[in-house]
Amino acid sequence: MAEQRVNRRQFIKATGAGALATGIGANIIVPGRARAAKKTLKILQWVHFVPPYDEWFNKKLAKEWGEKNDTEVIVDNIGIAGINPRATAEVSAQKGHDLFLFNWPPPSFEEQTVDMKDVYQELEKKVGKPIDLCVKSTYNPKTKKYYAFSPSFTPDPVNYRQDLFGQVGLPNGPKTWDEVRTAGAKIKKQFGNPVGIGLANEIDTAMAMRTIMYAHGAHEQDSAGNLTLNSKETLESIKFVKALFQETMTDEVFTWDASSNNRAMLAGKISVALNAISITRVAEKENPDISKKIQLTKALRGPVRAIGLEHVMQCYVVWKFAENIEGAKKFLIDYTTNFRQAYVAGEFYDFPCWPKTVPDASKLLANDPKAHPADKYKVLDDALNWATNVGYPGYANAAIDEIYGTWVLNVMFAKAASGAATPEDALKEADAQCRRIFAKWKEKGMV
Amino acid sequence: MSDDTVRSEAHAPAPARTRRLAFLIDRPQWLGPVMIAPAVIYIALVVGLPFLLALYYSFTNITAGSRTLEFVGLRNFIGIIDTPKFQTALRNTFVFALGSQVLVIVLATVLALALMKDFRGKWLVRLLILLPWVAPMSLGSIGWLWILDSIYSIINWTLQAAGLITADNWPMYLGKPYLAMMSVIGVHVWRLLPLATVILLAGLTSIPQEIHDAAQVDGASAWRHLFQITLPLVRPIMLVATLFGLVFAFTDMIVIFVLTRGGPYDTTQVLSTLAFFTGIQGGDLAEGAAIAVFLFPMLLAVAIVFLRVARRTEVI
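Each protein sequence line maps, in turn, to chains R and V.
If you count the first sequence from 1, you need to add 87 to reach our numbering.
If you count the second sequence from 1, you need to add 2 to reach our numbering.
Honestly, the hints are just simulated from the structure, not real lab data.
Just to be clear, a hint being listed does not mean it is correct.
Unchecked claim - Listed below are the simulated DMTMM-like cross-link pairs for lysine to aspartate or glutamate, each with C-alpha atoms no more than 25 Å apart in a straight line: (1) Lys-531(R) / Asp-84(V); (2) Lys-531(R) / Glu-72(V); (3) Lys-356(R) / Asp-170(V); (4) Lys-276(R) / Asp-170(V); (5) Lys-407(R) / Glu-72(V); (6) Lys-262(R) / Asp-468(R).
Build the full structure now, drawing on both the sequences and the hints.
Have a look at this one:
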């Protein structure tokens, strides 16, 4: 057999050629990549909690809109945890998607986004005014810019176990926060099911704690954007959460992530949770028995008001460096104008920020064949009136965003509830952090 | 094609450019750097550049959504040092890093010494020990998240089935500060143990057998053999393993991010997770960068000291 020795020179030649081929080969072999493409619209959004929505959006809406507008629509779906890192990376690279969906207001990205005022104006002409929550989550009154556009939001109703609450005299569920506390304590004592409101570093806790604060008349800021955390109302809300934890909950709530309350409710462990309708939708598909036991009720009344937060705020931005800005805006206008399709595809998870786009919303909610009973979701009928934004009564701004993203209020409530700090000390520490954060963003001219 | 033809083609006169390339390739003083260049370039691009960028950002006022920045000197560092959140994170970082490293080194030494012996199924044990290192860190951490879950913890189910706990007093591994810290340290040890074991195993196998034989002939006891012969001889490589582990523990955020996100109430918050929450979630990229690079001078000093000590004590 002939000996074929490969010397050092031949080896380097061969590997070098291989590497070169790997690098440029695709461009030579796949001619489509080098060909001039028609217009494209690149959209990045989360993996929706209701899978049929993605199916409809990606395969039907994107395809049909693309054909109608001679555009190739490319939709990339990523997990919700990847949204902010991805946005930061796109801004840093000055390259990415034309339409980028945040699931919360993104005020700190304002400098890099296109003003959406014209989209708002166009839609106002077509379908009337948006709800206040929509504007408060996408507009900066200081710079007078719509840094994002919101077609929809997700309400955050109270999910409760009707069978358990019925046995302690509240068959229609709790109507006030005090009832959650008293009935929750009885249920825990009699049946062993604790209340399931998170006290961890995660978004559901962030929403629930703000809901309790706002219901007690406490706020991070006033309507003009001045810090107002340090108040007797906030202290009262902390004391309430401490009592609620001690009387109705367990240490479990300190361990939770955003899906833990879903799992706990579906496993039949807890008596009440604040969440979107993802709990009930999963129950309908996977566990009809528990589905019949879990019912919904509106925002609970506190000492000052009955108020709830948005659970998810869909905020689209168009980057200044986007390649198809006009296409992105047109897509948003068309998508929002025909929002009823999205509302149905998402199984009522996403509520319209432009109410006239779903004129028969009440009718749909009152008769859902999948629900147990069919009018289970009727209580969400007036969610547009009691759902509010993070940062209420002011606008969602960069300081509010950082307070939210670094879990300042979550930690404040959890420390006081666990006894790691007194309510007064927990508030003092959180207030100092908020002062620093507000001062920082004010200096940057964003608040 | 005959063998002669192949050789004659290989030795045919080459064009001038090829000859110049051949001149470089044939010289070991050039070939060495050329061969190692891809690795160096990779490290410079993937590790060096981002690090320098983070260092640069930490002296500016950049935000996640901004491209304009101004030099602000040490303001970000001065601003964070006094905050309770940062001080808690700093303290937790040391507890997490030092706690996990002590455990890793002790357990890795025991494992490496055990794996030096011959026994049936040794290959299987080696494979099992290596598995945590082979699995992606995030997947492993998610696995542990389920193992420690408040509802579905297999540990608690087993303990309850064995009658050791009841349904209403399940330990909340991630819900009590001390249990949560022990849990994240435990998972980090699980993750780093294979690397430290393999490094120490390499060190142990490099000790010449004659030294062990001489100790045996001189009648050294097992403990004396271990503490006066084996461990001093593997000390240089043990220092390298410790250095690797410390750097990992001081800078990694995956375990804590997946398991606790710094909770309960910041009792497992470390600098790396705080940097992420501040810089990426909170949007203050400059302050996040300042938190992230805060320990760099200390880690650099530790690395230099460890490597110097390792070199001085190198006897093999």
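(request) For the pair we were handed, Lys-407(R) and Glu-72(V), check the Cα-Cα distance against 25 Å. (result) Cα-Cα ~21 Å, so holds.
(request) Please work out if Lys-356(R) and Asp-170(V) have their alpha carbons no farther apart than 25 Å. (result) 11 Å, holds
(message) Would the hint linking Lys-262(R) and Asp-468(R) be met if the CA-CA limit is 25 Å?
(response) 16 Å, holds
(request) Assess, step by step, whether the Cα of Lys-531(R) is no farther than 25 Å from the Cα of Asp-84(V), and give holds or violated. (result) 21 Å, holds
(message) Holds or violated: Lys-531(R) and Glu-72(V), Cα atoms, limit 25 Å.
(response) 11 Å, holds
(message) Checking one constraint from the list: CA of Lys-276(R) to CA of Asp-170(V), max 25 Å. Satisfied?
(response) 11 Å, holds
No hint from the list above goes unmet by this structure.
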